[in-house]
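Residue numbers (our numbering), protein chains in the order written: chain Z, 1 to 314; chain V, 315 to 628.
FYI, nobody ran anything at the bench for these hints, they're computed from the structure. Treat the numbers as computed from the prediction; the structure is a model and nothing was measured. Keep in mind that a hint or two might mislead.
Here are a few chain Z residues that face chain V, going by a calculated C-beta distance under 10 Å [said to hold, decoys possible]:
#1 S56
#2 C84
#3 V149
#4 V279
No residue lacks a Cβ here, since even glycine has one placed at the ideal position from N, Cα and C.
2 protein chains.
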Amino acid sequence: MGHDSKLRGVLAPVVTPFGKNLAPDAGRLVDHCRWLLSQDCGLAVFGTNSEANSMSVDEKIDLLDALVEGGIDTGRMMPGTGACAIPDTVRLTSHAVRRGCAGVMMLPPFYYKGVSDEGLFRAFSEVIERVGDSKLKIYLYHIPPVAQVAITLPLIERLLAAYPDAIVGVKDSSGDWSNTEAMIRTFPGFLVFAGSETGLLQTLQAGGAGCISAGANVNAPAIAALAANWQSPDASAAQEKITGLRTTMGRYPMIPALKATIGRHLEDPAWLALRPPLVELSRTQRDELAADLDKLGFNMPGLRQQASAHAVAT
Amino acid sequence: MGHDSKLRGVLAPVVTPFGKNLAPDAGRLVDHCRWLLSQDCGLAVFGTNSEANSMSVDEKIDLLDALVEGGIDTGRMMPGTGACAIPDTVRLTSHAVRRGCAGVMMLPPFYYKGVSDEGLFRAFSEVIERVGDSKLKIYLYHIPPVAQVAITLPLIERLLAAYPDAIVGVKDSSGDWSNTEAMIRTFPGFLVFAGSETGLLQTLQAGGAGCISAGANVNAPAIAALAANWQSPDASAAQEKITGLRTTMGRYPMIPALKATIGRHLEDPAWLALRPPLVELSRTQRDELAADLDKLGFNMPGLRQQASAHAVAT
Numbered sequence: 001m002g003h004d005s006k007l008r009g010v011l012a013p014v015v016t017p018f019g020k021n022l023a024p025d026a027g028r029l030v031d032h033c034r035w036l037l038s039q040d041c042g043l044a045v046f047g048t049n050s051e052a053n054s055m056s057v058d059e060k061i062d063l064l065d066a067l068v069e070g071g072i073d074t075g076r077m078m079p080g081t082g083a084c085a086i087p088d089t090v091r092l093t094s095h096a097v098r099r100g101c102a103g104v105m106m107l108p109p110f111y112y113k114g115v116s117d118e119g120l121f122r123a124f125s126e127v128i129e130r131v132g133d134s135k136l137k138i139y140l141y142h143i144p145p146v147a148q149v150a151i152t153l154p155l156i157e158r159l160l161a162a163y164p165d166a167i168v169g170v171k172d173s174s175g176d177w178s179n180t181e182a183m184i185r186t187f188p189g190f191l192v193f194a195g196s197e198t199g200l201l202q203t204l205q206a207g208g209a210g211c212i213s214a215g216a217n218v219n220a221p222a223i224a225a226l227a228a229n230w231q232s233p234d235a236s237a238a239q240e241k242i243t244g245l246r247t248t249m250g251r252y253p254m255i256p257a258l259k260a261t262i263g264r265h266l267e268d269p270a271w272l273a274l275r276p277p278l279v280e281l282s283r284t285q286r287d288e289l290a291a292d293l294d295k296l297g298f299n300m301p302g303l304r305q306q307a308s309a310h311a312v313a314t
Numbered sequence: 315m316g317h318d319s320k321l322r323g324v325l326a327p328v329v330t331p332f333g334k335n336l337a338p339d340a341g342r343l344v345d346h347c348r349w350l351l352s353q354d355c356g357l358a359v360f361g362t363n364s365e366a367n368s369m370s371v372d373e374k375i376d377l378l379d380a381l382v383e384g385g386i387d388t389g390r391m392m393p394g395t396g397a398c399a400i401p402d403t404v405r406l407t408s409h410a411v412r413r414g415c416a417g418v419m420m421l422p423p424f425y426y427k428g429v430s431d432e433g434l435f436r437a438f439s440e441v442i443e444r445v446g447d448s449k450l451k452i453y454l455y456h457i458p459p460v461a462q463v464a465i466t467l468p469l470i471e472r473l474l475a476a477y478p479d480a481i482v483g484v485k486d487s488s489g490d491w492s493n494t495e496a497m498i499r500t501f502p503g504f505l506v507f508a509g510s511e512t513g514l515l516q517t518l519q520a521g522g523a524g525c526i527s528a529g530a531n532v533n534a535p536a537i538a539a540l541a542a543n544w545q546s547p548d549a550s551a552a553q554e555k556i557t558g559l560r561t562t563m564g565r566y567p568m569i570p571a572l573k574a575t576i577g578r579h580l581e582d583p584a585w586l587a588l589r590p591p592l593v594e595l596s597r598t599q600r601d602e603l604a605a606d607l608d609k610l611g612f613n614m615p616g617l618r619q620q621a622s623a624h625a626v627a628t
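Generate the whole structure from the sequences, applying the supplied hints.
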C-alpha cells in the first residue's frame, strides 16, 4: 500500500548555501546533503527553506547536476519544482525525473490569488502531460501562508482520479492539523507529510508518511530517530524535546536561523549568506539563538567531520 | 520636472494571446500593440494582466524581440520584469534596456511574505547594480492584493536616495487612494501611475502621471482621451463613463473578460485562451458580458482594421 517507501520518514527542505555574488555554492550543499543522508534524513532540496524561488531554473538544474555528480542518492531526493510559469515547472520537473529523483514536490502556480480548483487542476495536468514520463511522482505542496494558493481536498481528489500514478502525496504546511488529518483519512495510500517536525508523531500515529520540515536541516538526528521509533514508549518525550527546539528556533526568522546554526557549528561564516529579499540574523540575534540552543544541549553530531572529509577529498 | 514624459498618460498592461499548446502568439500581440499605440495608449507588456508570471523569461525575451521586429516603438514600452529570483529579473530587465524600452515595471520578489524593507531594498539594489546600465528606468510595482508584498513609502524614499536616476516612478495597484496621494505628495517629480482607470482623473488632478490599467486593453480610446483632456470641463463626465464600463467588466474575472471582449470584436476565438491557473469565461458569462457592454454602447474603433491590415501585410 502506498508509494515510494524510500521517501517515507523525515526529509529536510535543504537550505542552499550561497557564495561569491550570491551564486549557489554546490560544494557546501553537497556536504550538507551528505550529513543529512548520514542521519537518515531525505532531501527535499529546492523547498521554501531552500530559497528555491529565489533561484532561476538554470541555477537549480546546475545544482541538481552537481548533487548527482557529488554522489548524492537521487532515490532519497524530492526536489521542489513548482513555479508560477508552466514552462519553468516542466523544465525543472523533467530534469529531476531524468536524473532519477524519487519524487518532486510541486507548488501550485502562486502569482495569481483566488484562482479556481479548475484552473489549478489544469495547471498540474498540463505539467504532467508535458513531462510525459511514467516515472514522475508528484508530492503536492500545500503551503497557504506563503504561496497563498491552496491545494484543497477536492483538487487532490480530482488529480488522484485523473493521474493515480503521478500524484502520490502531499506536504501539508498549512499548520492546521484537521486538514492534515483529513488528507490522511480521505485518501488511503496517499503519502501525507507534515510540514513541521512539531506534528511528526501525530502524523505518523494517524497513518501519515512523515514530515518535511525546516528544523531537520539542523535537528535531523533527533527527528529521524523519532520517525524510526515512533511506536516506542518514549516517543512522546522525544517529540516534546523536538518541539521545544523548534519553538526556540521559531523565535527567529527560520531560514536565517538555520543558516546561522549550521554556520556556527561549522565555524563557517559563508553559511550566513541569504538571497534578498531575505536577510541574515543580526550579530545579537545570532548570539541569542546560540545561547538558546546551547541551553537545550543542542548539537549537530558529525557535521564538521562530513565537511572536513569532503574538503580533504576535493 | 520628472522623467520620461513619453510614458506619461495611459498604458495598457497588454494581454497576451496564446496559440497552439498555449505558446505566446507574437503576431496577435503585435496587432494588439499596434491598435493600442494608434489610440495613444502606451504598452506595459508583461504585467499582471499579461499573464507575465505564467511565462518563462525566455518566452518573454522572445516576445519582446518579436515586438521590436514587428515595428513596435520601445519608447512607448514599459515591460514588467520583476520575478521572484534576482537572476530572472536581471536577465529580462537587461534585455529590455538593451532593446531600448523607455522603462520597466518591477514587482518586488513575491514568494516570501512578511519580508523587510531592508530585504526588498537589497533585492532592487542587487538588480540595479547587476544590470549596471544608466538607461535603466524603473517603475516600482505596488500591487499588494496579488503580490502580497508591498512597496512602502519608506522603501521608495530609500531607493530614491540611493538610485535617483534609476528609480523614476511607481504603479500603485493598492486600490487605496490615500496611498496613491501620499506617493504623489511625498516624492516630487516621481511618476505615479494609478493602477486602475477609475482613478485616472483624480490621479492627474493630484499631480500624478497617469494610469496603467487593465481596462485600457479594450477601452483605450476613451481612457487616453480623458488623459489628454483632463482639464476640460467634461472630464468628470468622461471619467464617470469610463468608471461605469470598468465596473461592469469588474463583475467578471478581469483577464478572461478582456480577452473575451477582444476576441468578440475581432471575431477571433483564438483570443479566448488563457494559461492555467486562469480559466476562460463560460459561454454564458461571455454572452452576458457582451450584452452588458452593448448596453453601454461600447466598441473598439479601428481594432479589426488593424488586425486585417497586418494579416494582409504578412
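Now the hints, each set against the structure:
For S56/Z, the interface hint holds, the least distance from its beta-carbon to any beta-carbon of chain V being 4 Å, beneath 10 Å. At a threshold of 10 Å, the smallest CB-CB gap from C84/Z to chain V is about 4 Å, leaving the interface hint in force. Evaluation of the V149/Z hint against chain V yields a held restraint, the C-beta minimum of about 8 Å falling below 10 Å. The beta carbon of V279/Z comes within 5 Å of a beta carbon in chain V, closer than 10 Å, and the hint placing it at the interface holds.
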